[in-house]
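Please model the complete structure; the sequences and the hints are all you need to start from.
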Amino acid sequence: MTDDSRARILNRIAAALGRDSSAASSAAAASYAQIARDYRSANANSDRSIRDLFVERLHEYDAACTRVATPADLPAAIAATLAARRLATPAVASGVPREWLPEGCDFPAADSLSVHELDRVPGILTGCTVAIAETGSIVLQSGSGQGLRRHTLIPDFHLCVVLESQLVASVPLAFPRLVPDLPTTFISGPSATADIEMTRIRGVHGPRTLHVLLVAD
Amino acid sequence: MLFATEIKRSTQPETPTGSLVRISLFIPCYNDALFPESGKAVVRVLERLGHAVEFRDAQTCCGQMHWNTGYLRETLPILRHFLRVFADAETIVAPSSSCVAMMRDHYRKAAQMDRDPALEREVEALLPRIFEFSEFLVRRLGVEDVGARFTHKVAYHPSCHSARSLHLDTIPLRLLHRVRGLDLVPLANAQECCGFGGTFAIKNADVSSAMLADKVRCVLNSGAEVLTAVDTSCLMHIFGSLHRQRTFVRTAHLAEILACSDDDAGQNSTLAPEQHDASSFGRMVR
Amino acid sequence: MKPETTHWNRQDFPEAARKELAAKPSQDAPFAHSQTRRNVRNATEIIQAKRNAVVAELPEWQDLRAAGAAIRAHTLEHLDHYLLEFEANCTRHGGHVHWAADAAEARKLVLEILAPHAPREILKIKTMTSEEIGLNACLEEHGMHPLETDLAELIIQMGRDRPSHFVVPALHKSRGQIRDLFAREMHRPELSDEPEALAAAARDYLRQKFLSTRVAISGANFLLADTGGVCIVESEGNGRMCLTLPDVLITIVGIEKVLPSFQDLEVFLQTLPRSATGERMNPYNSIWSGTPGNDGPREFHVILLDNGRSPILADDESRQTLRCIRCAACLNTCPVYHQTGGHAYDSVYAGPIGAILTPQLHSMQAAQSLPYASSLCGACYEVCPVAINIPEVLIHLRGKIVEQQQSTVAGSLSLWNIAMKSAAFLMQDGSRLHAAVHLAQAAQRPLVSRNGFIEWLPGMLNGWTKTRDLPALPAESFRDWWRRTRSANSSLQPSAEQPSEPRHD
Numbered sequence: 001m002t003d004d005s006r007a008r009i010l011n012r013i014a015a016a017l018g019r020d021s022s023a024a025s026s027a028a029a030a031s032y033a034q035i036a037r038d039y040r041s042a043n044a045n046s047d048r049s050i051r052d053l054f055v056e057r058l059h060e061y062d063a064a065c066t067r068v069a070t071p072a073d074l075p076a077a078i079a080a081t082l083a084a085r086r087l088a089t090p091a092v093a094s095g096v097p098r099e100w101l102p103e104g105c106d107f108p109a110a111d112s113l114s115v116h117e118l119d120r121v122p123g124i125l126t127g128c129t130v131a132i133a134e135t136g137s138i139v140l141q142s143g144s145g146q147g148l149r150r151h152t153l154i155p156d157f158h159l160c161v162v163l164e165s166q167l168v169a170s171v172p173l174a175f176p177r178l179v180p181d182l183p184t185t186f187i188s189g190p191s192a193t194a195d196i197e198m199t200r201i202r203g204v205h206g207p208r209t210l211h212v213l214l215v216a217d
Numbered sequence: 001m002l003f004a005t006e007i008k009r010s011t012q013p014e015t016p017t018g019s020l021v022r023i024s025l026f027i028p029c030y031n032d033a034l035f036p037e038s039g040k041a042v043v044r045v046l047e048r049l050g051h052a053v054e055f056r057d058a059q060t061c062c063g064q065m066h067w068n069t070g071y072l073r074e075t076l077p078i079l080r081h082f083l084r085v086f087a088d089a090e091t092i093v094a095p096s097s098s099c100v101a102m103m104r105d106h107y108r109k110a111a112q113m114d115r116d117p118a119l120e121r122e123v124e125a126l127l128p129r130i131f132e133f134s135e136f137l138v139r140r141l142g143v144e145d146v147g148a149r150f151t152h153k154v155a156y157h158p159s160c161h162s163a164r165s166l167h168l169d170t171i172p173l174r175l176l177h178r179v180r181g182l183d184l185v186p187l188a189n190a191q192e193c194c195g196f197g198g199t200f201a202i203k204n205a206d207v208s209s210a211m212l213a214d215k216v217r218c219v220l221n222s223g224a225e226v227l228t229a230v231d232t233s234c235l236m237h238i239f240g241s242l243h244r245q246r247t248f249v250r251t252a253h254l255a256e257i258l259a260c261s262d263d264d265a266g267q268n269s270t271l272a273p274e275q276h277d278a279s280s281f282g283r284m285v286r
Numbered sequence: 001m002k003p004e005t006t007h008w009n010r011q012d013f014p015e016a017a018r019k020e021l022a023a024k025p026s027q028d029a030p031f032a033h034s035q036t037r038r039n040v041r042n043a044t045e046i047i048q049a050k051r052n053a054v055v056a057e058l059p060e061w062q063d064l065r066a067a068g069a070a071i072r073a074h075t076l077e078h079l080d081h082y083l084l085e086f087e088a089n090c091t092r093h094g095g096h097v098h099w100a101a102d103a104a105e106a107r108k109l110v111l112e113i114l115a116p117h118a119p120r121e122i123l124k125i126k127t128m129t130s131e132e133i134g135l136n137a138c139l140e141e142h143g144m145h146p147l148e149t150d151l152a153e154l155i156i157q158m159g160r161d162r163p164s165h166f167v168v169p170a171l172h173k174s175r176g177q178i179r180d181l182f183a184r185e186m187h188r189p190e191l192s193d194e195p196e197a198l199a200a201a202a203r204d205y206l207r208q209k210f211l212s213t214r215v216a217i218s219g220a221n222f223l224l225a226d227t228g229g230v231c232i233v234e235s236e237g238n239g240r241m242c243l244t245l246p247d248v249l250i251t252i253v254g255i256e257k258v259l260p261s262f263q264d265l266e267v268f269l270q271t272l273p274r275s276a277t278g279e280r281m282n283p284y285n286s287i288w289s290g291t292p293g294n295d296g297p298r299e300f301h302v303i304l305l306d307n308g309r310s311p312i313l314a315d316d317e318s319r320q321t322l323r324c325i326r327c328a329a330c331l332n333t334c335p336v337y338h339q340t341g342g343h344a345y346d347s348v349y350a351g352p353i354g355a356i357l358t359p360q361l362h363s364m365q366a367a368q369s370l371p372y373a374s375s376l377c378g379a380c381y382e383v384c385p386v387a388i389n390i391p392e393v394l395i396h397l398r399g400k401i402v403e404q405q406q407s408t409v410a411g412s413l414s415l416w417n418i419a420m421k422s423a424a425f426l427m428q429d430g431s432r433l434h435a436a437v438h439l440a441q442a443a444q445r446p447l448v449s450r451n452g453f454i455e456w457l458p459g460m461l462n463g464w465t466k467t468r469d470l471p472a473l474p475a476e477s478f479r480d481w482w483r484r485t486r487s488a489n490s491s492l493q494p495s496a497e498q499p500s501e502p503r504h505d
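Going down the list, the protein sequences come from chains A, B and C. Using the working numbering, count along the first sequence one by one with no gaps and you end on 217. Using the working numbering, count along the second sequence one by one with no gaps and you end on 286. Using the working numbering, count along the third sequence one by one with no gaps and you end on 505.
Since the hints were derived computationally from the structure, they do not count as laboratory data. Be aware that a few hints might be false.
[Unchecked claim] Straight-line alpha carbon distances no greater than 30 Å define the calculated DSBU-like cross-link-like pairs of lysine-lysine that follow: (1) K108(C) <-> K209(C); (2) K400(C) <-> K108(C); (3) K203(B) <-> K466(C); (4) K421(C) <-> K400(C); (5) K400(C) <-> K203(B); (6) K203(B) <-> K209(C); (7) K203(B) <-> K108(C).
Dropping the structure here:
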C-alpha cells in the first residue's frame with residue numbers, strides 16, 4: 001500500500017505544482033540559494049557582554065548559574081555547588097574530563113545506569129557543544145562529555161559546564177558549531193509548562209533544576 | 001526580499017509638498033448615503049487649507065463589500081467604473097481607510113483575474129494617486145495643524161485597515177494633538193477589531209455583537225465624550241451599540257473634528273448652523 | 001472505515017459560535033462572559049503580551065519573518081524533491097519512511113507497525129496529525145490505550161474534552177476545573193489547585209509509564225531533508241521521554257512540514273517559540289536522524305501524511321496556507337477566537353489558520369462557513385511568522401464558495417446572491433446609485449423610529465439590529481448636497497471616455 005501511496009502522493013504533488021513527477025527539480029538548489037538571509041547581519045546585543053546576557057537569560061528562565069574563573073577552579077566549583085544543594089554525588093556523562101571532577105568523589109558513569117537507576121541518581125553532570133546567550137540555551141549533542149539524551153532527562157538535577165569559548169550571541173551563530181546528524185537537544189531552563197492558566201511552572205517531566213557553571217577559558 | 005516588500009507595500013511614502021493640489025474626492029457609497037457630514041467635513045478642511053476640491057458625480061463604490069464577501073467577479077465592473085471615473089484625476093482623497101486598503105491590497109489581483117493588461121496598467125496608474133484623508137494631510141501635504149478647535153474629550157479608534165493595511169501609525173493622533181481644546185484620552189485594547197467586518201456583522205451577527213460589546217466597554221471606560229476614527233463604517237457599528245444602550249457617547253469621523261474651527265464660523269462653512277443640527281453629529285446627541 | 005475526522009461535527013460556525021457565546025450579553029448584563037470565555041481571553045492575552053515583548057526585542061524580526069516565509073514557500077514549490085531527499089536520508093540513518101495518502105491509510109499503517117509489538121499502552125506526544133486522523137479512537141477500538149503525556153492533552157483526554165487551541169489545548173480550563181479532574185481521575189482527593197501541585201501530580205502519574213512503556217507516537221514540528229532529521233519543540237520533557245526511552249517510535253507528520261536543511265532551523269527556532277508561547281526559546285528542542293545507535297528507539301517510523309494537502313499546492317493563491325508552522329499566534333491575536341474559543345470552529349485546526357486550512361483539506365466541500373468566520377481585521381497576518389496573508393486567502397476561498405453556490409440553481413436564487421448581484425448593478429453607474437439612494441430614503445420610513453434610528457430590520461439584516469441601531473438615511477446625500485451647493489462650480493464633468501493619463505493643470 002505504501003509504495004502505491006508514495007507514487008500517488010508524489011504524482012499529486014507534481015501535478016499540483018504543474019510539473020512532471022520525474023522532474024523532481026534540480027532547480028531547487030539554485031532557488032534555495034536565492035533566499036535572503038538578512039537576519040544574519042543583525043546583532044542586537046553587540047553593545048553588551050554576551051556572558052552577562054547569557055547569565056541574565058538563564059536566571060530569567062529559572063536556571064541557576066555560577067561563574068568560574070578558570071578551568072582549574074572547576075572541581076572546587078562543582079563540589080561547592082553540590083554541597084550548597086546538599087546533593088550526593090551525581091552521575092557523570094562519559095567523556096567529561098577527569099580534571100573537572102573534585103577529588104575523592106566516586107561519580108557513577110551515566111553509561112552504566114539503567115533508566116530506573118537514572119531515576120534514582122541525585123543528578124547528572126555534563127558539558128555541552130555550544131551555548132546561546134540571547135536565548136539562555138545550552139545545546140547538547142550525543143557523545144563526548146554530553147551523554148545520551150536520557151542522561152540529561154531522567155535525573156532531577158542537571159549540572160552543565162559551559163566554557164566561555166562555547167558561548168555564542170545568537171541562534172544563527174550556534175548552528176555552524178553543531179554536527180547536523182547527531183542527536184541534539186536544545187535546553188533552555190528546566191522543564192516547564194504553562195498549560196494551567198498560563199502560569200509558568202518549573203519542572204514537569206524533565207529535570208526540575210538546571211545549574212550552569214560558566215567557565216572562563 | 002520578495003516577502004519583505006510584500007509585507008510593507010501598502011504604505012504611501014511620506015513626501016510632503018507644500019504646493020496646492022487639485023483634489024478629486026471619493027466619497028464612499030455608505031458615506032454618501034448615510035454619513036454625508038463626513039464628506040462635507042473633508043471638503044471644508046481641504047478648502048480651508050486652500051486646495052481645490054472636485055466631486056465627480058458618476059462615482060459609486062470601490063467594490064469592497066463584494067470583494068470581501070467573495071463576489072469577486074461582481075467586483076470587476078465596479079472596479080472598472082471606478083477607474084473610468086477617476087482616470088484623469090490628479091489626486092484622489094477618500095475619507096475611508098478600508099476603501100483605500102481595498103484598492104491597494106486587492107485591485108492588482110482583481111485586475112489580474114480579468115487577464116486584461118490594460119486594466120492592470122490602469123490600476124498601477126491609480127494606486128500612487130489615491131490617499132486616505134488623514135494620510136493625505138500628513139504624508140502628502142505635510143500638514144498636522146489644520147486650524148481646528150474641538151473642546152471635547154476624544155478617544156481614537158485605530159480601525160483595522162488604517163492600522164494594519166495602510167499603516168497610518170500615529171498620523172491621525174498627530175492631527176488630533178494639534179486640535180485646540182481637544183482632550184485626547186487613551187482607549188484600552190484600541191487595536192482590536194470592533195467586529196464590523198462588512199457582511200461579517202450580518203453573517204456572524206452573534207460573534208460580531210460580542211466583539212462590539214468588548215469594544216464598547218473600552219469606549220465607555222475611556223471616559224471619552226466622542227469616539228473618532230478614519231472610517232465611518234466602524235463608527236457606525238460602534239455607535240449602533242452606544243445608541244442602543246442609550247449612552248451619551250457620540251462618534252465622529254476624524255474629518256468632522258478637524259473641520260470644527262472658530263475662525264471660519266459662518267463663512268466658507270459647509271456646516272451652516274441649521275445643517276449642523278441635521279448632521280449625523282446632531283442626530284446622535286438627540 | 002469511519003468518516004474522516006478533520007471536521008468533527010459539520011456544524012456551521014455561526015451556529016456553533018452562538019452556543020459558545022451562550023452566556024450572551026443581555027440587556028441587563030451587556031458584557032457578561034462565561035467562565036470559558038474568560039479563560040480563553042485571559043490565556044490569549046497573556047501569551048500575546050509575552051509574544052509582543054520578545055518579538056520587539058529582535059530588530060531583525062521582519063527579516064526573520066521574510067526568510068521564514070521564503071524558506072517555506074520555496075520548500076512547497078519543490079515539495080516532492082525535499083520529501084524524497086528526506087526519505088533517502090532518514091532511511092540511511094536507519095529510519096523507515098511510510099507514505100499515507102489519507103487518514104485511513106495512516107491509521108492502517110500505524111496498526112501494522114504496532115502489530116508485532118502488541119502494546120497495551122502507547123505513549124503519545126501532543127500531535128495535531130494524530131488528532132486529524134482520529135488515531136486515539138482507532139487505537140482504543142483495537143484494544144490499545146493511547147496515553148497523552150502533554151499536560152494539556154492529558155487534561156483533555158481525562159476530561160473527554162476536545163482541544164480548543166493547538167499550542168495550549170486546555171486553555172479553556174481553569175485551575176479549579178483541572179484540580180477536580182485530576183483529583184477524580186488520579187484518585188488524589190487531597191490535591192490543591194496550585195498549578196505547581198497539579199504539574200507535580202502529572203509528573204508522578206506519568207513517571208513510571210515513561211520508564212516502562214515500549215512504544216510512543218509523536219507528531220513533528222519539522223522534517224529536515226538534508227539530514228533526514230526530525231525536530232520536535234516542547235516544554236515539559238514529556239516529548240523527550242517519548243522520543244528517547246521507548247523501543248519503538250512512530251512519528252506522523254504532514255508532508256508540508258519538511259525544511260530543506262538542518263541549518264534552516266536557525267530561523268524557525270527563533271520565530272516558532274517567540275510566536276507560540278512568547279518565549280525566546282522553549283525549554284526543549286529535540287533533533288535526531290533515524291535510529292542513532294544506543295541513543296533512542298531501536299525502531300523508528302515516519303509516516304508522511306497527505307490527507308488533502310497536495311491539492312492545496314495547486315492553487316497559487318492559497319498554497320501559502322501550507323507554510324504554517326502551527327505556532328497559533330493567529331489564534332492568540334484573533335478577536336473572533338477571543339470570543340468563541342476553539343470549539344466553535346468545530347475542527348482540529350481552529351482560529352484563523354483553521355478557517356483557511358480546514359475547508360481546503362476537504363477540497364472546499366466541507367466547513368464552508370469557516371472562511372466567513374473572520375472580520376478580515378488583519379491581526380493574524382500581522383503576527384504570522386511565515387507571513388501567511390490569511391485575510392487574502394479567506395477572501396480567495398470565499399470567492400470559491402460563492403462560485404460553487406452560483407453554479408447551482410438554489411444558490412443563484414439565494415437572497416445573498418440576488419442582493420449582491422443587484423448591488424453590483426447599482427454600483428456600476430452613479431445615476432443608478434443616486435436613484436437607489438432616493439428610493440431607500442423613501443422606503444425606510446416605516447422602519448425609522450421617532451429618534452431617527454432604525455431599531456429593527458427584517459430577514460438577514462435582523463442580525464444587525466439585534467444589538468445595534470442603524471442611523472436612518474438623512475434626507476440629503478452628499479451627492480445631493482454637492483449638486484445643490486457646488487455643481488455650478490465644479491468644472492470637471494467626467495465622462496467614460498477620458499484618457500487614462502493623469503492631467504497636470
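Here is what the structure says about each hint:
no., hint, verdict
1, K108(C) <-> K209(C), "holds (25 Å)"
2, K400(C) <-> K108(C), "violated (33 Å)"
3, K203(B) <-> K466(C), "holds (13 Å)"
4, K421(C) <-> K400(C), "holds (16 Å)"
5, K400(C) <-> K203(B), "holds (17 Å)"
6, K203(B) <-> K209(C), "violated (49 Å)"
7, K203(B) <-> K108(C), "violated (40 Å)"
Checked against the numbered hints above, the structure breaks hints 2, 6, 7 and satisfies the rest.
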